[in-house]
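Protein chains: 2
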Amino acid sequence: MFLNSRQVKSVLTSISILFLLLVFVSSAAATAPKYVFLFIGDGMGIPQRMAANEYLGHKLMVDRLPYQGITTTHAADRFITGSAAAGTAMASGVKTNIGVVGMDPDLKPVKTLAELARDNGMKVGIVSSVSVDHATPAAFYAHVPTRGQYYDIDVALAESGFDYFGGGTIKDPDNDRDNATTFRGNAWELIRENGYKVTQNRADFEKLTPADGKVFATNEWIQNSGALPYQMDTSSKDITLSEFTQKGIEILDNKNGFFMMVEGGKIDWACHANDATAAIKDTIEFDKAVEKAYAFYKNHPDDTLLVVTGDHECGGMTLGFAGTKYQTYFDGLKGQKMSFRQFTEDIVKAFQKKDVTPSFEDMKPHITDYFGLKFQGAADDLMVLANHEITQIIEAYQRSMDKNVEKSSDPRTYIMYGGYDPLSVTLTHILNQKAGIAWTSYKHTGVPITTSAVGPDAETFQGMYDNTDIALKIMDIMGLGATFKYAKAVNN
Amino acid sequence: MFLNSRQVKSVLTSISILFLLLVFVSSAAATAPKYVFLFIGDGMGIPQRMAANEYLGHKLMVDRLPYQGITTTHAADRFITGSAAAGTAMASGVKTNIGVVGMDPDLKPVKTLAELARDNGMKVGIVSSVSVDHATPAAFYAHVPTRGQYYDIDVALAESGFDYFGGGTIKDPDNDRDNATTFRGNAWELIRENGYKVTQNRADFEKLTPADGKVFATNEWIQNSGALPYQMDTSSKDITLSEFTQKGIEILDNKNGFFMMVEGGKIDWACHANDATAAIKDTIEFDKAVEKAYAFYKNHPDDTLLVVTGDHECGGMTLGFAGTKYQTYFDGLKGQKMSFRQFTEDIVKAFQKKDVTPSFEDMKPHITDYFGLKFQGAADDLMVLANHEITQIIEAYQRSMDKNVEKSSDPRTYIMYGGYDPLSVTLTHILNQKAGIAWTSYKHTGVPITTSAVGPDAETFQGMYDNTDIALKIMDIMGLGATFKYAKAVNN
Chain A
1 MFLNSRQVKS VLTSISILFL LLVFVSSAAA TAPKYVFLFI GDGMGIPQRM
51 AANEYLGHKL MVDRLPYQGI TTTHAADRFI TGSAAAGTAM ASGVKTNIGV
101 VGMDPDLKPV KTLAELARDN GMKVGIVSSV SVDHATPAAF YAHVPTRGQY
151 YDIDVALAES GFDYFGGGTI KDPDNDRDNA TTFRGNAWEL IRENGYKVTQ
201 NRADFEKLTP ADGKVFATNE WIQNSGALPY QMDTSSKDIT LSEFTQKGIE
251 ILDNKNGFFM MVEGGKIDWA CHANDATAAI KDTIEFDKAV EKAYAFYKNH
301 PDDTLLVVTG DHECGGMTLG FAGTKYQTYF DGLKGQKMSF RQFTEDIVKA
351 FQKKDVTPSF EDMKPHITDY FGLKFQGAAD DLMVLANHEI TQIIEAYQRS
401 MDKNVEKSSD PRTYIMYGGY DPLSVTLTHI LNQKAGIAWT SYKHTGVPIT
451 TSAVGPDAET FQGMYDNTDI ALKIMDIMGL GATFKYAKAV NN
Chain B
493 MFLNSRQVKS VLTSISILFL LLVFVSSAAA TAPKYVFLFI GDGMGIPQRM
543 AANEYLGHKL MVDRLPYQGI TTTHAADRFI TGSAAAGTAM ASGVKTNIGV
593 VGMDPDLKPV KTLAELARDN GMKVGIVSSV SVDHATPAAF YAHVPTRGQY
643 YDIDVALAES GFDYFGGGTI KDPDNDRDNA TTFRGNAWEL IRENGYKVTQ
693 NRADFEKLTP ADGKVFATNE WIQNSGALPY QMDTSSKDIT LSEFTQKGIE
743 ILDNKNGFFM MVEGGKIDWA CHANDATAAI KDTIEFDKAV EKAYAFYKNH
793 PDDTLLVVTG DHECGGMTLG FAGTKYQTYF DGLKGQKMSF RQFTEDIVKA
843 FQKKDVTPSF EDMKPHITDY FGLKFQGAAD DLMVLANHEI TQIIEAYQRS
893 MDKNVEKSSD PRTYIMYGGY DPLSVTLTHI LNQKAGIAWT SYKHTGVPIT
943 TSAVGPDAET FQGMYDNTDI ALKIMDIMGL GATFKYAKAV NN
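Residue numbers (the numbering used here), protein chains in the order written: chain A, 1 to 492; chain B, 493 to 984.
Among the hints, erroneous ones may be present.
To be verified - Mimicking SDA-like on lysine to any residue, the simulated pairs with C-alpha atoms at most 25 Å apart in a straight line are: (1) A/K337 <-> A/I347; (2) B/K817 <-> A/G418; (3) B/K551 <-> A/K325; (4) B/K817 <-> A/G323; (5) B/K817 <-> A/G372; (6) A/K334 <-> A/F375; (7) B/K551 <-> B/K780; (8) B/K551 <-> A/Y465; (9) A/K325 <-> B/K747; (10) B/K866 <-> B/M893; (11) B/K866 <-> A/K353; (12) B/K817 <-> B/I907; (13) B/K551 <-> A/A76; (14) A/K237 <-> A/F205; (15) A/K374 <-> B/T905; (16) B/K826 <-> B/K747; (17) A/K374 <-> B/D902; (18) B/K856 <-> B/P903; (19) A/K353 <-> A/D402; (20) B/K866 <-> A/P105; (21) B/K817 <-> A/K334; (22) A/K325 <-> B/D902; (23) A/K59 <-> B/D958; (24) A/K288 <-> B/K706; (25) A/K334 <-> A/D303; (26) A/K334 <-> B/D569; (27) B/K780 <-> A/D466; (28) B/K817 <-> A/G99; (29) B/K829 <-> B/K866; (30) A/K59 <-> B/I886; (31) A/K255 <-> A/G479; (32) B/K747 <-> B/W680; (33) B/K706 <-> B/D670.
Claimed, not checked - Which residues of chain B face chain A? A partial, calculated answer using Cβ under 10 Å: (34) R541; (35) M553; (36) R570; (37) F571; (38) R610; (39) N612; (40) G613.
Calculated from the structure, these hints are not laboratory results.
All C-beta atoms in this analysis are idealised placements derived from N, C-alpha and C, irrespective of residue type, glycine included.
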């Protein structure tokens, strides 16, 4: 009997597949990674990542990971998702409705990756640059119908049994919002009763070791709403997202492995406010946190899965503006010295407090100092404001200073300023546009985002898939089959 | 001797690799695909694809292809690319400067995929919905320092030896631009002298068979600039991009295989004008053309490589608008009955020609008829215009009708209308915004795009890579190694 080349190929292929199956069976138990990192850049879409690359002049760590995919983000009940539904999708593999945390659309609680890891004897860490009871981190340990139930979320945090919370603080320890399912006393006390050591400054943070047991570590300066300061507003006193991540690795590292979720939450907040510089600098800090995990991966390449994604794009950021046509000038962003928020707090509010509103002339030097925008200069200096830009800024200044102005429901005013201080948001708009960056919204958008991965079976994160698939893929890789099947069933 | 499970795994893996190598060696000669399709959606970025999916309510064919990747698009000398540099990158694997067609930055001609295929005995087809001498298609057969050298490109087309040109026409057969390197007489005559059968209407097109030899097939109605009409403006008399593609497959199919490039060129033009409906409908028609190639792939799965990409995003399209916040209403786009261009031609120009400018009242019914925008109606009807929108439309109408207005260089006016008819572009802006779609530019942007693929070795199109890699990957898969190495060397 003679075989032609096609038949030879076929026989050889069959033998190969047989042997590969044997390899798979013999090693199935060994492939589940012991260490799993899930990084979520809140509001970090494809334009945000590309903007940070272009600002740096080189690729982010996340863009250098070997496997890259495209992820769709819609919620069960809306095309443009929110952080609660997106967080639940990525934590539990279940498509749910806007505002729902850790529950399916019928408000049935769903198991999360973090809980499954805990139940399998792994340690668990949750890190965020916003409050750790915000929707994205909460989706990994809480199960509430609406994300605003901060007290309930804080109780769930205290009782999660997780080993490390790092970054921002909690928002409603005393149920000031008066929406608790059951009030159980001050949440910080519950947290301490459940064995957490709480630190609130750099000195105490630096002393933390694995011997401290369960840890809740936050920063001395909480800029607003329980969150860390924007990276561009920090001083050396402030603990950064990458430091919280590194400390988490040290505390969680143990022979049974760990699961760690790290959120870059203020990328989203900067994008809501259309502040590209703040978004880029928080994206770069988020990427430094990824570098910490990547260094750990390099030491444990067979046992570490590292997945980095976003939960949705925010702001409708694009890298091209009508006024600058085909040109971009990202270096122009380097003239911005503080975030829109800090400018509002430090400069605008100081002006507003004066009995007699200062003239616009008094504001000019601050605009130049903090945004690099100049009121006069050489014709070829791209940072010199054009007349129509100065007109926009003066209009915004007058609105910012007008003590009688109510928060307008006029749609045109909203489109111009969102809910933000008119002067601050106008300055970031104009500076961003000079750089060639523009925005279309103060909310999220439905544009797909990028997911990146390295580690065992990380190649499955290539291609195009839904945000629920991120949790399902991780469950599959971690060998959490039963939950995987449940989540699949809920989605179908 | 006993082996532990790790050693067993190692031995089995080695045996498997050995067999796989045998399979590879035994089939290496057979792996180069005979049939290669490269589809380029000009200006088709990730938001454009997602918008079409959401408009349809189901996934495009391109999003159902098994392999998906993310592609960066910058030119050698600019972050935001143009079609000439991007076309050259995808045709030849070489990063070049803005405006350069088929040459490297030193203006040395570079071989293209299409030429390499031709030199290897394959047939070659070039299809575009814009003129087939436009930058993107030209990058596959012409080598000129500036894309505006249309006459030179037309001569290159005539002498390409390619087998099929389909879609739009040519732009400068008589060197009216007076920029020919050498004038060689009317380009249509050169095309016919080189053996092409030229058809210019549906009846003749439908009679074409492979027996006709080399073919140049275009449409009777050329809407403008040598291009096919926007898909939404077509009647049954017009030959569509998918029909040109299907005819190409019939004409090119032969035992030595073929290479075919199909460009959806008017997606870009619609996006330049910020007309989402026209962009979406041309994207859907482009996708139908991909379906024709996919049907061919299904009949020849081992021999057909199908790659679909874009050359850059255009318009800074995003799927979220400040005024509609988290809501989208894509069905609203269905009220638009003709493209911005056809509205300008048929309605605006008719108004402009009248001796006495008609009142805005006379324009209102046309706005409702052709864009679905209503001047009165129920409070919950999303298509009813708000007062600030009516104000915008009236301002634009007055500008459109003003016979004394010069094309303004005022930057604020440019940001509002680009170079377009003020009324038409304002109507698409407002309609798009009601749908939740917004734009930031009338030019391209630097946001990465999606590449999709199926066929032999198509999995290499997963991940994140540069537009030059598209050509390099195809060359590699087609076994065009020497050129592959040259292009790599030029880039490094």
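Hint by hint, here is what the structure shows:
no.: 1; hint: A/K337 <-> A/I347; in the structure: holds, 13 Å
no.: 2; hint: B/K817 <-> A/G418; in the structure: holds, 10 Å
no.: 3; hint: B/K551 <-> A/K325; in the structure: violated, 32 Å
no.: 4; hint: B/K817 <-> A/G323; in the structure: holds, 24 Å
no.: 5; hint: B/K817 <-> A/G372; in the structure: violated, 30 Å
no.: 6; hint: A/K334 <-> A/F375; in the structure: holds, 17 Å
no.: 7; hint: B/K551 <-> B/K780; in the structure: holds, 12 Å
no.: 8; hint: B/K551 <-> A/Y465; in the structure: holds, 12 Å
no.: 9; hint: A/K325 <-> B/K747; in the structure: violated, 47 Å
no.: 10; hint: B/K866 <-> B/M893; in the structure: holds, 21 Å
no.: 11; hint: B/K866 <-> A/K353; in the structure: violated, 46 Å
no.: 12; hint: B/K817 <-> B/I907; in the structure: holds, 22 Å
no.: 13; hint: B/K551 <-> A/A76; in the structure: holds, 17 Å
no.: 14; hint: A/K237 <-> A/F205; in the structure: holds, 11 Å
no.: 15; hint: A/K374 <-> B/T905; in the structure: holds, 23 Å
no.: 16; hint: B/K826 <-> B/K747; in the structure: violated, 44 Å
no.: 17; hint: A/K374 <-> B/D902; in the structure: holds, 20 Å
no.: 18; hint: B/K856 <-> B/P903; in the structure: violated, 28 Å
no.: 19; hint: A/K353 <-> A/D402; in the structure: holds, 11 Å
no.: 20; hint: B/K866 <-> A/P105; in the structure: violated, 36 Å
no.: 21; hint: B/K817 <-> A/K334; in the structure: violated, 30 Å
no.: 22; hint: A/K325 <-> B/D902; in the structure: holds, 14 Å
no.: 23; hint: A/K59 <-> B/D958; in the structure: holds, 12 Å
no.: 24; hint: A/K288 <-> B/K706; in the structure: violated, 57 Å
no.: 25; hint: A/K334 <-> A/D303; in the structure: violated, 40 Å
no.: 26; hint: A/K334 <-> B/D569; in the structure: holds, 22 Å
no.: 27; hint: B/K780 <-> A/D466; in the structure: holds, 24 Å
no.: 28; hint: B/K817 <-> A/G99; in the structure: holds, 15 Å
no.: 29; hint: B/K829 <-> B/K866; in the structure: holds, 14 Å
no.: 30; hint: A/K59 <-> B/I886; in the structure: violated, 47 Å
no.: 31; hint: A/K255 <-> A/G479; in the structure: holds, 18 Å
no.: 32; hint: B/K747 <-> B/W680; in the structure: violated, 30 Å
no.: 33; hint: B/K706 <-> B/D670; in the structure: violated, 28 Å
no.: 34; hint: R541; in the structure: holds, 9 Å
no.: 35; hint: M553; in the structure: violated, 13 Å
no.: 36; hint: R570; in the structure: holds, 7 Å
no.: 37; hint: F571; in the structure: holds, 5 Å
no.: 38; hint: R610; in the structure: violated, 28 Å
no.: 39; hint: N612; in the structure: violated, 22 Å
no.: 40; hint: G613; in the structure: violated, 22 Å
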